[in-house]
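Protein chains in written order, with this note's numbering: chain A, 1 to 155; chain B, 1 to 834.
Simulated from the structure, these hints should not be mistaken for lab results.
All residues carry an ideal CB built from backbone N, CA and C; glycine is no exception.
DMTMM-like cross-link-like pairs, simulated, lysine to aspartate or glutamate; straight-line CA separation at most 20 Å: (1) B:K767 / B:D783; (2) B:K442 / A:D27; (3) B:K793 / A:E86; (4) B:K83 / A:E128; (5) A:K69 / B:E777.
Residues of chain B clear of chain A, computed beta-carbon distances all greater than 10 Å: (6) K83; (7) Y153; (8) E180; (9) Q277; (10) L507; (11) N689; (12) R758; (13) E808.
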Amino acid sequence: MTATPVDIAKCLKEDKNVLLLTGALCDTLEIGGKRLVEYAGEIAELAGIPVAATGNTIASLAERNIKTKKMFAGDVINYMRAEKWEDPIAPERPGTLVFIGYYPQFLNMMLTSLGDNKTVSLDNVALEEATISLPDLNLDDWAKFLDNVIGELKK
Amino acid sequence: MGDGSDKMTVTVGQTKIDIAKTVRDIRGREDLVKDAIETTWNENLVNQMKVWLQPFPHANDIAEWDKVLLERYEPLYTNVQTKCGDCYQGPCDLGKGRGACGIDCDTYQAKLSLLTAGKGLASFVSDTRDLLDYCIKKNGMDAEVKWGKAMTYGYMNVHAFTGENIHSLADANKILSYVEGQLTELITSASHGHDCDVLDLESKVLHSGSMLLVAMDISEALKWTFFGFLWSGDQELLDVKDYPKPYTQVGLGSVDTAKPVVVFVGNDFIPAYEAVQFIKENKLEDKIEVGGVGAAGHDMIRFYERAKVLVTPVKLTKLLRLGIVDVLVVSDSCCKVNILEEAAKTDTRVIATSFKQSFGLKERSFDPVDDLVKDLTEASTAVLVFDKEKAGELAVKAAQKVKGKRKESYLLSADQVKKHASRCDGCDACFRACPNRIISSKVILPAKDGNFSRLADLCDSSLFCGKCEAACPQNIPVMDMILASSSEKIKEDNVRMRAGRGFISQLEVRDIAITGFNLPGVVNITGCGNYAGSDKDVAWLTNEFVNSNYAVTVTGCAAQDAARHFNEKTKKFLFEQFPSLYNPRCLANIGGCSSHGLAMTTPTYKLGYLGYRCPYRATFEMLADFMIKWPAVLILWGPATDLMYTLAAAHVRSSLKVIVGPNGSNFKRFLMGNKYDRSKWWSLHGLKNYKKEIEPLPEHLIYPVETKEEAVTQAYKLCLTFQEFETTRMTKFDLWLGAYKKWFGNTLPDDWHLFVKRDVELPITKKAKLLRLLEEEHGFEIDKKRGRITKFKHRDGRMLDPGEIVEEYGMRVGLYTTFLPRLVYKIRADRVEE
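Pulled out of the complex, with its shape left as it was, chain B reads as follows (with noise of 0.2 Å):
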């Protein structure tokens, strides 16, 4: 036609198809559109659907889909505050009613779910804005990002989100502004005068959880293009089992205290980055220890075979109060605040190089580095350079130096630890301060006699937070008596581990899709390491999942922890037990905190795509919609930190199902679902657009356990879905029922039986007995002899045939169903005539 209109037309098959029509508002998005519909849309699919993208969101583009959740999973909150204080007109008491601007309690506790939920975000979008920025600068803004030779489909959350990829550091530029953009008006949201719906809000926290990921893509693409993270997107396919090999060391005990000791602790890899270059440039590696705590750790590995990972974030105390660091390097995040006062107590040089975490420290960028040396050898204890490079090389000098004029030891020694514990008086206050409730006269008093072993017993369990020495009126020093009784224990501490190998490829998705039939899920454990329990709860839990045939992926901290099971058997850790894959009884580490998007999300958009052509270009509502009947957990084990939280977010809302441990029950909102109210579980048959009952499943999206054994039991419930082959369901049965009669005195679930749709679900070595008790306590009518259900009880009372059941409940596998009317297959007539 001459008049640009070719430009508003794509056309896929025969069909041609008016793009404007396709997104709320196509201006500077037309050739995006176009091509996303191109390359992942099909003909069958345009015309019996209605063609929508949402690329570059807004969280209310996405409302439609986080509304079907939260209203089937409302959101519970806890640590309820009633004092909102938020505007001029306040303080208001909402204990007592309505506040003066008109906000309700829950409301309020909505724009409190949505603040930490911002604040997570924001502390991860800022260290991957830093990262971003330091990469633009040295290699210029057109500098091309890889995606690895095994890599079809590039970053799939960003895909999701945007349609786009990271092709160049200016396309990640774009995609991180974007993230920004959408970080201001989340945490716009939640102040005064803005959204006033609880529901608006909390779709809010899930987007705040989306984002999350795609700045954790961004990160990702940087890390292993521009600084050779290890990367098995860039492996040929067959050597991917055993990549990386587990070279990495874990522990305390596996530190050379006779070298030089430095490491490096925060969000901010760059140091470590700089001092491991200056290390080899001026061969070093024999000489110097270097060591990582939290992401710094878990990244350092990544690029540096002989770092080591020493503790979680949490228990940096513990590291510090041991005396063997030289040169504490120390960015941001992941870190106690009154990190200066502990390492001065073992005269620990502290080099603080964040924007975000200054200490108070005088700016010393622009002084030589022989000069900050011999302050830190001499007179300071602390310096503050941002100076990314030369606080590397700082670090490296400043070690040698300092080696040799600190104390051989900072330990207790017996003699101290039996007159500490002579001054306790029984009170038991730092018992009630403990969040583990590990410590107590009782472990002390003994050590007043010689007896350390109650003492050194609680090196594994203990978190280190200290709450037991401030809230001790006798100023006991109860760390550093734990620690000096556990000092030869700790030197054991050196167990093996797999660094993070970053991407999953897609030939383990097609895997994982053909294996999908007899799955019984897929877990990634991940959390900050701190745990109610011994950190070897982390080593158990994947253990058990890896033991039933689960995929699991371990990220972040829990990866150092996972790695603590020692199979007597086999003489193994875990990690040289199981191949590194994401395929069943296979154990993968993807990295630390920035790889989270990599794990669970990423493979499950791409088995969407793969395996039933979901489109998968800024097509979000589409892919959560698949995913909601992917078996799919993810286990929170440590505390609930800001960016933990907004963590959870952004797998609820990709369907992906969460478990909080213990030391994560702070969660601001847990989203639980009530299996009693049949009006919520439904789902939209595919074709005739009407309802259908389902079981009430997955029953939650985010849920709170006390222990491993509740949270195993919790994941194989979790991820029995409405719609699975029989085998699978059975196979699922038999986990989740056996693992009630193991670790909850040979009962069984009180609900199991609104599951059974099928005999042939019922595990075989429990058949006869379930039979029995469907007959006899659910009203079920048995044949005995052939053993079958020939009427099952519908919830609703009706006794059906169990051909009806399966029509009346649940959806049978082959029938599309979905949460969304748009995505009710109907043939189209509102096509483009040709």
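Next up, chain A with everything else stripped away, as it sits in the complex (with noise of 0.2 Å):
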């Protein structure tokens, strides 16, 4: 289903135990005028939700006040089926993930390798894999979209 700013904003500040994941593309993907990673990284630290930094993002989040570590998104798929979650990046299983940056192919291959577990998707295509994700937009409407989730966060 494809949501408003709105929605976003609300599902990242009241769904217990959010996880954001940063794909690879959110170092090398600019729009708006900045890269990717710095609106996950804005959008983690205002909703208060760690950061499972994969690809090579963990250097541009490591600076920001939030939660995070390097780690390995096939690793993140693999503890989600376990019976214990024991991973540091989260006190107990993430009931939502949030994903934002990933080549849509291994998007694909994690959304539908989580079976039932609440997804989210901030990429600027509508997915049907995910559980909410946003709708088709251009590269200008996304940057706004996401300038949007996060003067949600802020109020």
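Build the complex: two chains, separate frames, hints provided.
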């Protein structure tokens, strides 16, 4: 289902045990004059959610006031199926996984392996495989959408 | 006794063995089993272990080993499909519960996994059968299959699974028939009413992989024997390090477009072989440019020095749109299905040659060559000719006639690029469709004012898959615009590579065995040339591993991209810089698709025998059990084709680890361990037969990564083994922890302490810091003055002395260990009395 910035912000603030995953494209994609990883960092800070920094994104996130560590995306989806969640990035099994900046095939792989877990995609493509995603947007509208999410989180 | 019972016993040293008790069904295998035991088992072994062989196995014969792996590395399914319509009672929605036949969702995914592996196996087996039949028709069933003067042990994948070897075409036919029978059984198991247990099905996926390697050995044997492929197995051993010389030209800029250009694509090299014979007979070497794409390319360069490798198969559209090909000869696999449509855009003539990819064309194998040439020149743009000799001659003659009749250039002009760019409305549908997320309106729009640089920048990283063009509501020809913008850059695309050399000698394996004490690992990089990132990423990966003292091999289409690294200091390409050996800090191109069996499993089986006297004939389980301690990783940097899926299965069954790049994340199933579940990490004490806890190593068997830095880092970790010398562990730690620091923001992995069993394993340059962290973060006790660990914290919380930890955790070097109870050493009482 596609969502509005208000829906997304509500989900980030109110869902239990949200974990944000930042993918490799966060470092390389620039929209609205800044890299995607900066949007991710701001969102994580405002929502108070930990970040599994996959790909090479940890370097950009380590300076922020957020709980983050370098993880491999494969490990996150692997740990989600274990009986007991043991990774220190989160105190218990994440209830909502939020993805931003992944190659489409890679994202599809993760989403389709997560079964009934709640997933949110912050990329600019409407995705059936995610529980919630953004609508199809061009790059400028995507930047505005994320800015609006940030605006909602600041309220 | 005179009753034939001597036929049923074999003597090893002073010990007699009843061979009927060494296999599941001895009938018809008596001589094979006797010979295999006599030649590869020693008396020590037969007196301490059950002699058990699995010649010509079914999947179930090796299921015990498969399940050791699958229970530790549980299948993780992706691209989950919940709607099953496989039988007359469906369709059923397995997301809501079991299907009408009783199948559940996981089992259905396992069936799909097996079907994928079956397709991968079938595609290669079919090509091998075509090749074998061709050889039999030309040379007769009794024709000898050569080994090469440096080959003592023959074709090791064939040995490991059948116990036999290939000395003639009759042998090859027998072994391939066995593989074909297994293929039928495997695909049947995936169908309705058959196997219904996830582990049974995944065991069969692994078996598909093993059968693929057997077929690959056959293919390589035929290529070198009957077509003169380059083969290091027949070279003087001291010459191998520079064999073959790096004369092969790679890249679109290597083509002399002033001459007629013939390009071959697909899995079947024989039309190319016949074309080259025609060229040589008619002294046309200086008059015709011959290039290859995919397997055809990598095979061609092994029998024709002047052949060039142009692009990887995924980028065939790039090649065709460039308009430099006069005649394209297409077999099967590696091919996009819209080849005729794409070829027609640039008046490229197509000759199809395969029963498995006929494009709806009428067969014209019986038409005279000159008629076909006339047609291709004046009327048709494509013909279908199954006669491979005719196809080869036709390709050369047609190219000569067609040259000059096609346009000078098929690229868009600058004005055309500007005009198309101005039609972009900024919707970014192209961005959303692009698998690499590299194209967008931000790249296209500057071109309307004549700034083509952003388009040109995409030349290396675009897959030329065409999804952008299909998605664009304005029908903007994005790929044509990229090509037009980068035409000058493309002319510079000319690098040097070594052609595939084939076989790895036992002398190289002996060297590896000796250096194995400090060897960080061996890595094989392969893939079909569809990358997130750039063409140069494979070169980057190759360069990293070689410079980390890995023994590096490349196979398949990855080899041509590995060549793309140019060292500015030495002014050499990668293949020019490093020796062509299977040794640390060396780089060997083994060959195209069919050489995968030679690159990793073959030398490791030899290592098992040469170094450790592990029998290698029809004893795959023993070999795989040994190999789990070998630091070897396969990097699949490309798409998740059916063949690559099956290849991954082949390697993991042999205990080799596989890392899959981001564009391979369509893999149906990964095999990942859980380091937190200690119950999974054990190995049997090889003498006392009890489970000992080991480090969670190797952590995974098939694992997806997003970036090349992640690939290298994960490979370093997967090469840690639970039984290695401290100096080896130190080297590997240094690499692994160094990679983290370099690429992941000066951090350390959060599990490194799980692999510390001796303080001498800590890299010297990092030791002080690591000791401090062990104390502060992980509860170890440290003697700071002497820089020693005085107490290790076991995973169960106990504090252990240095002597205790090596006994309680992991396997110390020198202790025999196994995963299979029947391989535990014990004195056997069940020998035939003299």
